[in-house]
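Whole structure, please, built from the sequences with the hints as guidance.
Number of protein chains: 4
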Amino acid sequence: MNAVARTFSTEGDYKVADISLADWGRKELDIAEHEMPGLMSIRKQYAATTPLKGVRVTGSLHMTIQTAVLIETLKDIGADVRWASCNIFSTQDHAAAAIAATGTPVFAWKGETLEEYWDCTLDALTFTLADGTLTGPELVVDDGGDVTLLIHKGYELEQGDDSWVNSASGSHEEQVIKNLLKRVASERPGYWTRVVKDWKGVSEETTTGVHRLYQLAEKGQLLVPAINVNDSVTKSKFDNLYGCRESLADGLKRALDVMLAGKVAVVCGYGDVGKGSAASLRAYGARVIVTEIDPICALQAAMEGFEVTTVEDTLGRADIYVTTTGNKDIITLAHMQAMKDQAIVCNIGHFDNEIQVDALYASGAVKTNIKPQVDKFTFANGNSIFLLAEGRLVNLGCATGHPSFVMSNSFSNQTLAQIDLWANKDAYEAKVYILPKKLDEEVARLHLEKIGVKLTRLTTEQADYLGVSTDGPYKPEHYRY
Amino acid sequence: MNAVARTFSTEGDYKVADISLADWGRKELDIAEHEMPGLMSIRKQYAATTPLKGVRVTGSLHMTIQTAVLIETLKDIGADVRWASCNIFSTQDHAAAAIAATGTPVFAWKGETLEEYWDCTLDALTFTLADGTLTGPELVVDDGGDVTLLIHKGYELEQGDDSWVNSASGSHEEQVIKNLLKRVASERPGYWTRVVKDWKGVSEETTTGVHRLYQLAEKGQLLVPAINVNDSVTKSKFDNLYGCRESLADGLKRALDVMLAGKVAVVCGYGDVGKGSAASLRAYGARVIVTEIDPICALQAAMEGFEVTTVEDTLGRADIYVTTTGNKDIITLAHMQAMKDQAIVCNIGHFDNEIQVDALYASGAVKTNIKPQVDKFTFANGNSIFLLAEGRLVNLGCATGHPSFVMSNSFSNQTLAQIDLWANKDAYEAKVYILPKKLDEEVARLHLEKIGVKLTRLTTEQADYLGVSTDGPYKPEHYRY
Amino acid sequence: MNAVARTFSTEGDYKVADISLADWGRKELDIAEHEMPGLMSIRKQYAATTPLKGVRVTGSLHMTIQTAVLIETLKDIGADVRWASCNIFSTQDHAAAAIAATGTPVFAWKGETLEEYWDCTLDALTFTLADGTLTGPELVVDDGGDVTLLIHKGYELEQGDDSWVNSASGSHEEQVIKNLLKRVASERPGYWTRVVKDWKGVSEETTTGVHRLYQLAEKGQLLVPAINVNDSVTKSKFDNLYGCRESLADGLKRALDVMLAGKVAVVCGYGDVGKGSAASLRAYGARVIVTEIDPICALQAAMEGFEVTTVEDTLGRADIYVTTTGNKDIITLAHMQAMKDQAIVCNIGHFDNEIQVDALYASGAVKTNIKPQVDKFTFANGNSIFLLAEGRLVNLGCATGHPSFVMSNSFSNQTLAQIDLWANKDAYEAKVYILPKKLDEEVARLHLEKIGVKLTRLTTEQADYLGVSTDGPYKPEHYRY
Amino acid sequence: MNAVARTFSTEGDYKVADISLADWGRKELDIAEHEMPGLMSIRKQYAATTPLKGVRVTGSLHMTIQTAVLIETLKDIGADVRWASCNIFSTQDHAAAAIAATGTPVFAWKGETLEEYWDCTLDALTFTLADGTLTGPELVVDDGGDVTLLIHKGYELEQGDDSWVNSASGSHEEQVIKNLLKRVASERPGYWTRVVKDWKGVSEETTTGVHRLYQLAEKGQLLVPAINVNDSVTKSKFDNLYGCRESLADGLKRALDVMLAGKVAVVCGYGDVGKGSAASLRAYGARVIVTEIDPICALQAAMEGFEVTTVEDTLGRADIYVTTTGNKDIITLAHMQAMKDQAIVCNIGHFDNEIQVDALYASGAVKTNIKPQVDKFTFANGNSIFLLAEGRLVNLGCATGHPSFVMSNSFSNQTLAQIDLWANKDAYEAKVYILPKKLDEEVARLHLEKIGVKLTRLTTEQADYLGVSTDGPYKPEHYRY
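Chains as they are written, first to last, in the UniProt record's numbering: chain A, 1 to 481; chain B, 1 to 481; chain C, 1 to 481; chain D, 1 to 481.
Treat the hints as calculated values from the structure; they're not laboratory data. Please note that a few of the clues may not be correct.
You can't tell identical chains apart in this list, so a pair holds if it fits in one copy or across any two.
Pairs of lysine to aspartate or glutamate, EDC-like flavour, derived with a Cα cap of 20 Å [said to hold, decoys possible]:
1. Lys328 x Asp123
2. Lys450 x Asp313
3. Lys371 x Asp93
4. Lys376 x Glu33
5. Lys371 x Glu429
6. Lys110 x Glu11
7. Lys371 x Asp23
8. Lys454 x Glu312
9. Lys178 x Asp329
10. Lys153 x Glu116
11. Lys431 x Glu477
12. Lys437 x Glu477
13. Lys371 x Glu115
14. Lys437 x Glu173
15. Lys27 x Asp471
16. Lys110 x Asp420
17. Lys454 x Asp313
18. Lys328 x Asp471
Fair warning: this is a prediction, and the values are worked out from it, not measured in the lab.
Shown next as structure tokens:
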């Protein structure tokens with residue numbers, strides 16, 4: 001459990017923690033395939049046509065067992081894939097090893113530094129043509145938008161706008177990115193322009209990344225067509241909700257083995273992630289308090305019997321804090337200093353800035369590492385708090401993320417989005433698209449048999465009465481599920 | 001409990017069961033006002049400006065205590081109101097009496113015949129000008145679309161198209177409507193044309209009614225602007241879901257006092273109404289089976305741990321059947337004949353055609369009335385089933401519908417829609433509109449204080465980070481809650 | 001809904017509200033029989049032997065549809081039955097009528113005065129021998145111990161101890177009983193001595209009544225053998241828990257149609273009744289706070305995620321108060337005066353003294369009757385509270401009590417206890433007995449088939465390994481289920 | 001993840017996996033102390049009097065972090081402690097190291113062979129007097145009864161009855177014990193007689209161990225007074241129920257990261273462990289089926305909405321099987337062969353014989369080790385199942401057992417039992433005792449403050465009304481909670 005001098009396995013075109021874990025990873029991949037019927041069905045359906053034949057695809061997405069099944073699905077339908085993780089703690093090293101062992105370039109390990117993280121992202125971006133020219137992906141699978149950010153910012157610099165790379169940085173990570181871009185600028189002149197020339201699209205997975213895409217599109221700066229995978233019903237209403245309902249407690253348990261029954265837990269935010277988190281904690285017998293800024297979500301929480309109040313009102317009586325907002329500064333340093341002794345603080349939203357981690361580090365609180373991803377901070381008043389996964393995603397940092405079955409839904413959407421982007425590369429504009437409801441329903445359908453669901457089928461008379469087709473789609477676009 | 005010779009109170013411009021119930025109704029209205037903070041707040045806000053001053057409003061909506069608070073809110077902001085119920089069983093007679101006693105014309109009682117029902121609708125539609133001319137409403141509050149239907153069909157006939165009124169009818173009710181239109185045609189020539197001339201808009205409450213409006217709009221036949229109130233989040237995600245979670249069991253209990261724990265209950269449909277119904281039955285310890293045609297909703301049901309299969313698969317083992325679909329022929333006569341002895345069949349969706357009630361009546365099954373709205377049908381094989389509220393809405397037929405607090409959300413949307421329609425009567429086209437998200441959030445906000453919710457407020461930095469205003473709206477249009 | 005001049009049906013040896021309700025009652029009895037498999041099975045099993053043949057049985061137990069099935073079961077196995085209710089509000093008049101119509105003497109109606117109540121109890125006690133001599137029951141079915149109290153106190157008086165009947169009374173009801181005993185003393189000299197001579201036993205249903213029996217037994221004053229039916233697992237862990245889980249919300253809904261979601265509800269006491277009540281309210285989306293005196297029950301409540309605090313701590317923030325304790329002065333007048341406006345106060349424990357009802361009446365608060373069993377009290381500060389069923393059992397006063405299926409468990413225990421008492425009338429001493437676990441298991445077994453349960457059967461090897469018989473009993477006596 | 005050549009840390013009077021883990025263990029011990037208020041309070045209360053001063057105590061109980069806090073509590077109140085685990089997989093190596101590092105002899109590591117396990121048990125039993133004489137404990141803390149078994153069987157052999165050690169063994173483990181006893185007989189003649197001479201009592205933790213004690217007592221073979229800690233309410237109704245509600249899912253998740261939502265899970269047995277297991281799985285969205293032999297428990301399961309049927313009926317449709325019975329042969333080889341492909345089989349009851357593990361090993365199924373404690377068995381028909389923790393306790397084998405807070409309840413009972421046994425060593429007979437209810441309530445009370453519970457206090461009038469003391473105990477002995 002002590003820090004170990006780090007060694008890597010880098011014999012081929014990959015960089016992973018330990019290639020000897022490949023066998024174990026493969027066994028777990030075999031198991032996961034049984035839990036991911038959507039991806040397996042897509043493999044079968046497109047085995048003959050290989051719609052991504054020879055297409056260069058870069059993925060930046062938590063390098064877990066489930067992602068490994070996604071990678072192999074993309075390869076099965078023809079893609080030429082390179083991969084990095086999108087979070088410094090989320091890689092499962094045996095999964096990365098199993099992928100590396102098959103010859104797919106993967107650059108990811110659990111516990112990267114920020115410098116290593118962005119280097120890995122660049123490695124995953126960098127394809128080498130037969131003539132040795134360095135180029136980039138034709139399609140990107142993104143989660144949080146880091147690849148998209150890097151290409152856009154690199155391209156901006158090559159277009160002559162160096163204002164951003166030379167501006168003051170709001171965080172250490174921001175500076176790391178700027179340093180990287182400057183290095184690329186000197187080492188690979190014209191590289192980003194070449195990359196952008198071939199780039200045909202990106203499919204994005206998360207609320208936060210999608211939000212960035214819409215902002216780029218609104219400003220007219222988006223370089224390629226994008227598919228918002230997050231807002232497929234079978235993504236946001238499943239991965240975000242049911243995924244977190246399973247993986248939040250898993251992260252808490254593996255981190256601290258804490259009894260949840262009888263505890264007071266504060267869930268900040270009652271979107272899909274917050275709904276899943278609150279449901280899980282309550283089911284364990286915790287008393288859950290919700291914080292919200294949106295009156296509609298607040299009213300939903302109240303209708304489910306949750307107390308809804310501010311973080312300030314909970315200080316001194318709550319034992320566990322979970323941020324789920326996608327916003328920043330939700331748990332401030334002042335909050336942490338006023339918490340009950342031994343309170344647990346973690347984030348399952350998106351970035352680590354939901355918690356004021358930097359301020360905590362700078363506060364003079366004494367840090368004691370309990371075990372990887374579990375730190376105790378002791379304040380001057382003698383109280384301590386536990387910070388999990390350094391404020392990054394607790395389910396991926398302290399456990400293994402969402403289980404395979406729910407990820408099969410998300411990744412089926414990702415795969416269909418990739419196929420769609422390539423098929424329509426000449427038709428689509430540089431805008432943000434959503435997958436048609438028909439495909440959304442198809443993704444759901446692919447997962448029903450595995451869990452024994454028997455669908456009812458509309459008669460023609462019933463379909464006519466509703467004014468829909470017997471084969472769907474069954475609902476108007478604005479339907480909320 | 002026997003049929004009573006029916007007498008009515010009709011001393012003024014109203015028709016109710018018993019005007020002497022007005023005092024009791026008023027006491028319950030007083031209680032309900034405390035539970036309907038949204039409506040009370042709107043009264044206060046618009047007390048001075050009375051935005052509906054003198055506007056003729058016809059309402060067709062379950063004449064309950066909650067609706068009485070809506071009616072008095074519309075009157076408080078200036079409207080000239082006439083009212084009918086939108087369901088033959090849903091009137092609470094003391095609520096109707098209380099409204100009638102204040103001089104507001106209301107035409108509704110519990111247990112109308114279909115002929116009486118449509119006559120009441122016509123009465124609620126018929127305003128008399130100072131000069132004695134009969135005219136219609138300027139605005140309509142609709143639930144299920146019956147007033148809208150009547151005006152459209154009446155107008156169609158006066159335009160010279162008598163194909164529909166002379167066509168064969170698929171149901172007894174259809175024929176009742178046609179007869180009424182023919183009578184009006186002879187008694188009030190040109191009436192519907194006059195009505196349409198002044199009619200400025202309709203706000204509609206239910207999934208089914210909204211669906212009809214979209215169909216009219218698509219065909220270019222919609223005569224006025226319409227506001228789809230159903231798809232306000234604070235309507236469909238509250239009334240449909242949390243309302244049914246409270247009122248389904250209430251209907252079952254008042255009808256049959258049945259133990260729900262240990263029973264197998266089949267919920268047909270897993271939309272918002274189905275979700276609320278299934279949650280309620282499970283909470284009582286029933287084992288709930290869901291039927292669905294939509295793979296996404298089916299997967300949601302499965303993720304919540306419900307068995308999902310077809311009605312056919314449940315016959316002989318299920319004790320309770322609840323339809324929630326808005327579709328027809330969900331429970332067929334053949335289903336009912338094959339059910340377990342003493343199975344209970346009811347509908348909380350929309351129309352009574354979710355269950356093949358007509359076929360049941362015609363089947364030769366022996367009908368025994370247990371008490372109002374509770375009938376036993378005994379089949380030739382000796383088995384019986386119980387049909388509640390003759391297949392109409394069980395929560396309104398056998399209990400008192402949704403509780404006040406949730407209806408305050410729906411009716412706040414209705415009221416805001418009425419104000420909006422009138423304010424924009426010159427701007428809006430004959431299309432279907434949805435209330436802006438900002439108003440949706442406002443409706444929620446009006447209900448938070450009553451239940452002690454304390455909202456968190458975004459800082460400017462946080463709002464900028466998200467790219468929203470600190471005052472909302474907080475979510476993109478496609479957000480599903 | 002106004003007070004009606006009361007008339008009764010008293011044509012035969014009975015006194016009920018309206019004998020013409022008998023047909024309706026019979027229809028509901030037919031339905032209930034399907035839901036009470038335990039009683040129906042006992043009827044079948046003992047049809048030939050009629051173990052209570054000719055035995056005089058007095059019952060004092062809520063005169064509901066379910067009790068009617070119990071009465072007819074006792075009659076089927078031979079008993080000569082007379083019945084009263086054990087609560088002034090709990091009678092279902094159509095049930096009483098149905099029983100009266102069959103010639104069984106029953107003295108009960110909904111809304112008795114206390115004087116009427118105790119007169120009914122005396123009527124139910126009074127059997128007339130062929131020679132015209134007045135005598136009493138040989139067996140008593142008791143719920144709350146009122147018949148047992150009356151006989152013991154009457155006998156005490158005839159034994160020459162008049163200290164109690166002449167003492168000051170702590171409540172109006174106490175004085176009513178004393179007056180009755182004095183009247184009997186003058187009208188029927190020696191009556192109670194004759195009653196006691198023939199009395200062979202009592203089976204008692206509730207926690208409170210059982211508690212009284214143990215107290216009598218400890219003091220050596222118990223006159224007959226008693227069976228504690230309450231502590232059969234299939235009674236206290238079913239009726240008290242699952243019965244209340246179904247009937248509390250039913251009472252609240254029928255009384256006030258109130259939305260439970262989002263409300264703060266305080267459940268006083270976390271025994272079986274409190275557990276059922278808290279579970280039900282939470283399932284509706286209420287936020288439940290528990291009060292407890294017992295640290296073990298308090299810890300259980302906390303493990304289920306309930307806030308546990310004192311009544312005082314909840315004043316001003318809670319909307320609903322439910323007492324479940326079997327103790328007195330749980331909700332005091334001072335509590336009620338400090339409650340949030342429009343708070344609802346009710347009792348599902350045992351006696352109305354859980355709430356300081358007498359003090360409320362005497363407090364000067366203005367009482368407004370909303371409808372039967374629903375009263376509003378307005379205090380000087382302008383706030384009001386709602387008191388349901390005058391502080392008596394809300395599920396029986398405002399709804400119809402527990403559903404049939406769970407009562408079939410309780411009443412199967414009652415019936416088996418009656419059979420056992422009679423069979424062992426010469427063997428048993430004047431002590432409190434519990435039914436053997438084997439019978440408890442048998443009661444459960446009789447209810448499994450109806451709800452489709454398929455039991456697993458121990459192999460001989462497994463039974464030997466556990467050291468039990470393959471036929472049970474399966475658990476040690478101290479097992480808590 | 002591969003098998004490693006095993007090395008041990010054995011520098012002192014201990015045998016643990018790696019003494020260098022002591023620091024990490026100590027950090028987790030510090031955290032656990034905050035979650036174990038009962039034990040910490042007992043330390044404080046008895047710090048001065050040290051009621052176990054110099055008493056030799058042997059513990060045989062899962063060597064986890066929580067147990068480490070128990071061990072240090074026993075030491076704090078004076079005991080001379082030696083410890084072994086009671087399960088080959090349940091040791092947390094860092095906990096064992098932390099204890100060993102303080103000089104307390106501990107013999108335990110994760111993944112012992114059966115031979116190693118029983119040798120460890122003997123080591124924990126073996127105290128050396130100042131003169132070098134080997135002797136045994138004066139008190140035993142037992143979990144499952146292995147120390148008690150070993151002493152009784154060893155003593156039986158020394159008394160001249162060698163029938164058991166020479167009989168045929170039903171399992172490999174049985175033979176291991178016999179071999180050990182024979183070795184001790186040859187190496188330490190008269191040892192067990194010396195041990196028994198000083199042995200004053202045992203406190204036992206589990207249902208199974210308690211059952212064995214009652215059997216010994218009934219046959220008159222029990223050698224010392226025993227306290228049944230399992231049946232303290234604050235043990236069986238907390239550890240068994242709420243402990244499993246937290247740790248079952250933890251074991252499943254750490255073993256296989258499987259999605260629980262949508263799965264069909266079979267819980268065999270609906271005692272406290274089964275109740276906790278079923279509640280947890282349902283909360284995750286699994287559809288839970290219960291199997292039971294006891295009609296009362298079966299009816300409880302049905303009232304909670306679970307399908308209750310036989311294991312046979314679930315084959316082919318269930319994904320997860322969990323045994324909770326304390327009985328044997330619950331999941332047979334034939335069951336496993338007929339299960340759905342990729343079904344998961346595990347045990348959280350007591351011994352591994354709940355599943356026919358031996359038969360599985362002998363069946364010819366191909367075993368693939370996925371990672372420690374996770375094995376896949378592939379049958380001839382191509383289907384596989386996953387067996388967790390080799391059929392031993394899945395929560396301890398695949399995760400870290402119950403969380404600290406609930407174990408603080410159990411271990412407070414253990415500590416109070418040890419104090420009680422020693423205080424009454426001259427008074428108690430060789431029978432099985434239960435701790436008085438007063439202590440049970442005290443244990444609960446010690447845990448309330450930590451989780452913010454505020455108890456209500458009885459007034460004297462209320463206590464008199466109930467006939468109890470204001471300080472408790474509050475319930476009759478037969479109360480079931």
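Taking the hints in turn, this is what the structure says about them:
{"no.": "1", "hint": "Lys328 x Asp123", "in the structure": "neither (29 Å within a copy, 56 Å between copies)"}
{"no.": "2", "hint": "Lys450 x Asp313", "in the structure": "between (45 Å within a copy, 18 Å between copies)"}
{"no.": "3", "hint": "Lys371 x Asp93", "in the structure": "both (17 Å within a copy, 14 Å between copies)"}
{"no.": "4", "hint": "Lys376 x Glu33", "in the structure": "between (38 Å within a copy, 15 Å between copies)"}
{"no.": "5", "hint": "Lys371 x Glu429", "in the structure": "neither (48 Å within a copy, 48 Å between copies)"}
{"no.": "6", "hint": "Lys110 x Glu11", "in the structure": "within (18 Å within a copy, 34 Å between copies)"}
{"no.": "7", "hint": "Lys371 x Asp23", "in the structure": "between (26 Å within a copy, 11 Å between copies)"}
{"no.": "8", "hint": "Lys454 x Glu312", "in the structure": "between (48 Å within a copy, 11 Å between copies)"}
{"no.": "9", "hint": "Lys178 x Asp329", "in the structure": "neither (23 Å within a copy, 64 Å between copies)"}
{"no.": "10", "hint": "Lys153 x Glu116", "in the structure": "within (19 Å within a copy, 62 Å between copies)"}
{"no.": "11", "hint": "Lys431 x Glu477", "in the structure": "both (19 Å within a copy, 17 Å between copies)"}
{"no.": "12", "hint": "Lys437 x Glu477", "in the structure": "both (8 Å within a copy, 16 Å between copies)"}
{"no.": "13", "hint": "Lys371 x Glu115", "in the structure": "neither (22 Å within a copy, 32 Å between copies)"}
{"no.": "14", "hint": "Lys437 x Glu173", "in the structure": "neither (38 Å within a copy, 36 Å between copies)"}
{"no.": "15", "hint": "Lys27 x Asp471", "in the structure": "neither (38 Å within a copy, 46 Å between copies)"}
{"no.": "16", "hint": "Lys110 x Asp420", "in the structure": "neither (32 Å within a copy, 51 Å between copies)"}
{"no.": "17", "hint": "Lys454 x Asp313", "in the structure": "between (47 Å within a copy, 9 Å between copies)"}
{"no.": "18", "hint": "Lys328 x Asp471", "in the structure": "between (43 Å within a copy, 17 Å between copies)"}
Checked against the numbered hints given earlier, this structure breaks hints 1, 5, 9, 13, 14, 15, 16; the rest are met.
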